[in-house]
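First to last, the protein sequences are chains A, B, C and D. For the first sequence, my numbering gives the first residue as 1, with consecutive numbering after it. For the second sequence, my numbering gives the first residue as 1, with consecutive numbering after it. For the third sequence, my numbering gives the first residue as 1, with consecutive numbering after it. For the fourth sequence, my numbering gives the first residue as 1, with consecutive numbering after it.
Derived from the structure by calculation, the hints contain no laboratory data. All values derive from a computational prediction rather than experimental measurement. Errors might be hidden in some of the hints.
[To be verified] Only pairs whose alpha carbons sit at most 30 Å apart, straight line, appear in this in silico DSS-like list of lysine-lysine:
#1 K144/D to K144/C
#2 K55/D to K289/D
#3 K122/A to K258/B
Number of protein chains: 4
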Amino acid sequence: MNDIKLAVVGGDIRMIYCAKELAKRGFEVSFCGFDSAGKDCGDAVRCRTVKDAVKGAAVAVLPVPYSYDGCRINAPFSASEIRVDDVLEAVMPTQLVLAGVCPPSFIEKAEELSLSVIDYMKDEELTIRNAIPTAEGALELAMKELPVTVHGAKTLVLGYGRVGKAVAAAFSALRSCVTVCARHADALAWANAAGYKTADMKDICRAVKDKDIIINTVPALIVDNNVLSFIGDDTLIIDLSSVPGGVDFEAAARYGVKTLHALSLPGKVAPETAGENIADAVCGIMRKKGVI
Amino acid sequence: MNDIKLAVVGGDIRMIYCAKELAKRGFEVSFCGFDSAGKDCGDAVRCRTVKDAVKGAAVAVLPVPYSYDGCRINAPFSASEIRVDDVLEAVMPTQLVLAGVCPPSFIEKAEELSLSVIDYMKDEELTIRNAIPTAEGALELAMKELPVTVHGAKTLVLGYGRVGKAVAAAFSALRSCVTVCARHADALAWANAAGYKTADMKDICRAVKDKDIIINTVPALIVDNNVLSFIGDDTLIIDLSSVPGGVDFEAAARYGVKTLHALSLPGKVAPETAGENIADAVCGIMRKKGVI
Amino acid sequence: MNDIKLAVVGGDIRMIYCAKELAKRGFEVSFCGFDSAGKDCGDAVRCRTVKDAVKGAAVAVLPVPYSYDGCRINAPFSASEIRVDDVLEAVMPTQLVLAGVCPPSFIEKAEELSLSVIDYMKDEELTIRNAIPTAEGALELAMKELPVTVHGAKTLVLGYGRVGKAVAAAFSALRSCVTVCARHADALAWANAAGYKTADMKDICRAVKDKDIIINTVPALIVDNNVLSFIGDDTLIIDLSSVPGGVDFEAAARYGVKTLHALSLPGKVAPETAGENIADAVCGIMRKKGVI
Amino acid sequence: MNDIKLAVVGGDIRMIYCAKELAKRGFEVSFCGFDSAGKDCGDAVRCRTVKDAVKGAAVAVLPVPYSYDGCRINAPFSASEIRVDDVLEAVMPTQLVLAGVCPPSFIEKAEELSLSVIDYMKDEELTIRNAIPTAEGALELAMKELPVTVHGAKTLVLGYGRVGKAVAAAFSALRSCVTVCARHADALAWANAAGYKTADMKDICRAVKDKDIIINTVPALIVDNNVLSFIGDDTLIIDLSSVPGGVDFEAAARYGVKTLHALSLPGKVAPETAGENIADAVCGIMRKKGVI
């Protein structure tokens with residue numbers, strides 16, 4: 001794969017690990033926007049400008065999220081601002097743009113320039129892989145916040161999708177007593193087969209009682225005022241669902257229940273793993289697109 | 001057990017949980033030295049003085065460690081100093097003194113007053129129970145410090161006693177790839193039976209290579225200058241053995257290897273569990289001594 | 001649920017456990033066709049004829065498979081033959097017929113009589129629940145046939161659907177070294193997250209080498225002559241996929257590779273669990289159909 | 001190790017695997033007494049007589065048990081009888097005799113001839129290693145006999161030594177609900193740390209209630225008439241302790257409780273692993289004795 005060039009533009013420490021990993025896999029990797037990151041980038045080659053980095057690349061990899069304001073690339077380690085428009089201008093229609101968490105507006109803008117943009121954060125495999133660092137992040141928070149050990153603690157996991165499965169597995173592996181609460185009978189049958197206690201989501205009010213920790217993975221207001229009224233004030237709630245989350249945080253505060261809204265855990269708790277996972281996703285997408 | 005009175009004197013938050021737990025088990029518990037601890041103590045009764053607390057008690061439970069300087073009881077939440085001598089004076093020879101980490105000097109002083117002192121930190125069961133919060137503490141540190149997930153990380157555990165077993169089990173449960181390095185063939189056979197890779201301590205220099213994390217549990221200088229010369233600078237070393245520890249920290253610094261000397265983890269990561277474990281030990285000792 | 005009557009007609013020992021379990025859940029259960037089964041049936045009521053059993057029942061539960069020849073109900077414990085036609089005649093259009101493994105011909109025949117037939121073996125939950133006894137059956141076979149322990153043995157699981165997941169989990173739990181071989185990248189990501197080694201189905205010839213045991217769960221000819229040429233003659237192959245199975249058994253015999261085609265394991269290895277699972281499925285279907 | 005010769009004399013299929021394994025490790029291995037065993041013995045060399053096999057060997061390895069009657073070597077695959085006396089005569093005082101399960105009479109007889117005999121079945125490591133096939137054998141029996149899956153079954157393990165630990169771990173790994181019943185507080189603390197429920201041996205009568213399976217590992221009459229009176233007739237008892245076992249089998253028969261006395265499981269369920277474990281023990285003993 002020595003002939004294929006990839007450009008990595010901006011991003012946090014994850015993208016440095018991503019660039020390094022791609023170089024390790026035999027790609028020619030050029031990158032820009034990591035001026036102040038004191039990290040070794042392996043065999044990846046540092047470029048001064050976006051233009052230099054992108055030139056000749058088969059794929060331009062933008063960070064996750066690609067931008068916070070839609071104007072500037074998310075590039076905390078860059079000495080100077082990198083404008084989204086400059087990146088789009090530097091890319092040719094023959095080149096593929098991979099970016100994390102792209103709103104429709106960005107994709108439309110790119111399409112106007114005849115550019116193909118793929119949001120790698122929608123990649124199923126990446127989402128599965130990221131469930132592991134998310135679960136470990138939840139575990140780390142639980143260990144930090146709970147006055148008891150996870151071993152022996154009563155844990156309730158709300159939702160049994162990718163993250164719910166990883167969280168239940170991690171807590172159960174450490175001998176926490178795990179109950180999974182989900183809506184679908186299939187999910188409950190799976191949870192039962194995996195060895196957990198189960199509760200139908202209709203019975204959530206009973207399920208939340210006497211738990212040491214409740215971890216929500218459902219992106220909907222599940223833990224509302226009514227549910228909170230059944231939760232003891234010794235219980236810790238960790239909400240892993242994306243903004244606005246699945247917990248009525250104000251009501252929780254009123255009830256004196258401690259809540260943590262933990263977002264984007266993979267990049268925080270395991271940036272190297274998260275960067276390698278992105279590199280995996282980039283390779284998977286290139287395979288599907290026939291680039292490699 | 002309503003007729004038996006126990007006194008808890010001083011200590012950190014663990015001893016509050018210990019007092020609460022003992023009260024929950026039906027003992028009449030009086031305590032002093034927690035003036036500024038904003039914690040509910042359940043049914044335990046707060047006393048103003050050591051004398052009041054100890055009066056009529058079958059057992060006086062001192063903290064862990066009972067003192068940092070041999071003069072004053074370790075009592076961070078006490079409004080005023082509690083002198084060790086005052087406690088010893090308040091106790092009668094018919095009462096039992098239980099304390100954590102007692103030097104011979106303390107035991108001698110007590111014996112001069114015809115008092116029986118038992119160091120509950122030497123209790124085998126307590127040591128076994130405390131291995132769990134210690135292992136969880138090591139896990140929390142690893143998650144916090146490592147840029148990769150524990151899942152898939154290569155972990156080396158030095159020593160396979162109580163703590164080594166708990167650490168290996170916890171990391172392996174999270175799907176880390178665990179190698180146990182120990183001296184005795186029996187320990188290695190056990191580690192193998194538990195499903196870990198094993199290495200003889202004689203081969204430690206080969207065993208430390210390419211590990212993401214090394215956790216020492218042996219209270220002897222195992223990771224010396226020579227061993228360190230084989231350890232990569234991406235490796236994290238967590239030393240769980242008591243002062244002075246099993247790692248040549250200065251040499252590690254020279255080699256640029258990151259080290260953490262993590263002591264007294266149970267009280268830090270899970271004070272409630274640690275306090276309940278002490279309550280367990282107190283009960284166990286009382287049973288052996290015929291108090292209950 | 002005391003007012004709802006259910007009829008169980010024929011079947012092997014699973015259906016006795018099923019009848020017993022339904023009675024335990026508060027239904028009025030009548031059954032026929034178990035004359036010579038020396039098993040206590042709890043509160044279920046024995047009837048002499050199909051007519052008596054079915055009369056007044058909301059649901060008639062037929063066995064799995066409901067029949068081997070399409071003419072006679074599968075009823076090994078029945079003193080006399082139970083004809084399928086007699087059952088269909090005894091049932092009224094207001095009654096629901098639940099049966100296991102129904103061919104289209106049976107459903108058509110029932111529809112001609114305006115009867116609703118539901119094949120409970122197609123119930124997703126039941127299939128998930130049955131994966132557990134299937135995996136345990138595979139484990140029992142492996143333990144019986146292999147000269148080595150499962151602990152430490154190298155296991156290859158082909159396919160990562162319901163049964164593949166349960167099998168991988170069971171073998172890995174006993175510290176076998178498990179590799180999962182599947183086609184879809186998502187499945188491989190899941191298998192990786194669960195802590196197994198993975199291999200793309202395209203690389204199956206490499207994956208089968210040096211394995212102690214290979215367990216196929218894919219209902220397609222995966223282990224063909226070519227693949228078999230890479231398998232050592234110490235390797236045991238267990239095929240869990242339904243007839244005709246996923247292994248070229250003739251070629252395997254030529255190569256001297258031992259194969260076992262293990263079918264319908266739940267009923268064989270854990271008839272009580274299998275019967276309770278059917279009772280679960282019956283209840284789930286009744287809920288969906290508004291019967292309860 | 002090419003210069004060291006070892007002789008393997010008689011035994012069941014385990015000893016063939018043992019001979020093969022020793023040859024694989026680079027020893028020159030000669031053996032006799034496997035005439036009718038249709039097994040390939042790798043690089044080990046077949047001898048016609050004991051004399052030929054033993055000649056020049058550093059160590060003579062006898063089977064487990066070395067003999068059933070004290071006169072003839074246990075050699076089911078031998079065309080002709082091998083007399084114990086003939087073996088002892090063939091061995092020189094400079095050669096080491098390793099044998100399994102030696103009564104004092106055998107050791108005395110050997111000593112009279114100035115021969116050193118070591119009973120490798122007393123080797124601590126071997127005992128630990130053999131706990132794994134023993135636990136798998138218990139699991140296989142439970143799967144074969146129980147009408148329910150081990151997953152979800154309520155299992156009681158009596159004793160928490162080597163075998164008890166391995167059994168509890170195996171059943172728990174398959175998601176059985178395991179309770180450990182032991183005498184010592186330390187053992188119970190370990191079992192609790194491993195995540196099992198625990199019961200003091202004093203409370204065994206309560207602990208045995210409502211269990212699907214009870215596995216005894218204690219070599220003493222634990223499950224006596226009184227304890228049996230608390231055990232339901234659906235419960236399966238597997239006794240792993242050596243003759244006479246820990247169960248009053250007659251009383252069990254009277255109560256209608258099904259019992260299995262399972263002895264020498266390693267050789268039965270996993271002869272290859274058992275043979276390799278003996279080879280391991282032989283090497284360990286040779287190291288201790290300075291032979292290698």
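Which numbered hints fail: Violated hint: only 3; rest satisfied.
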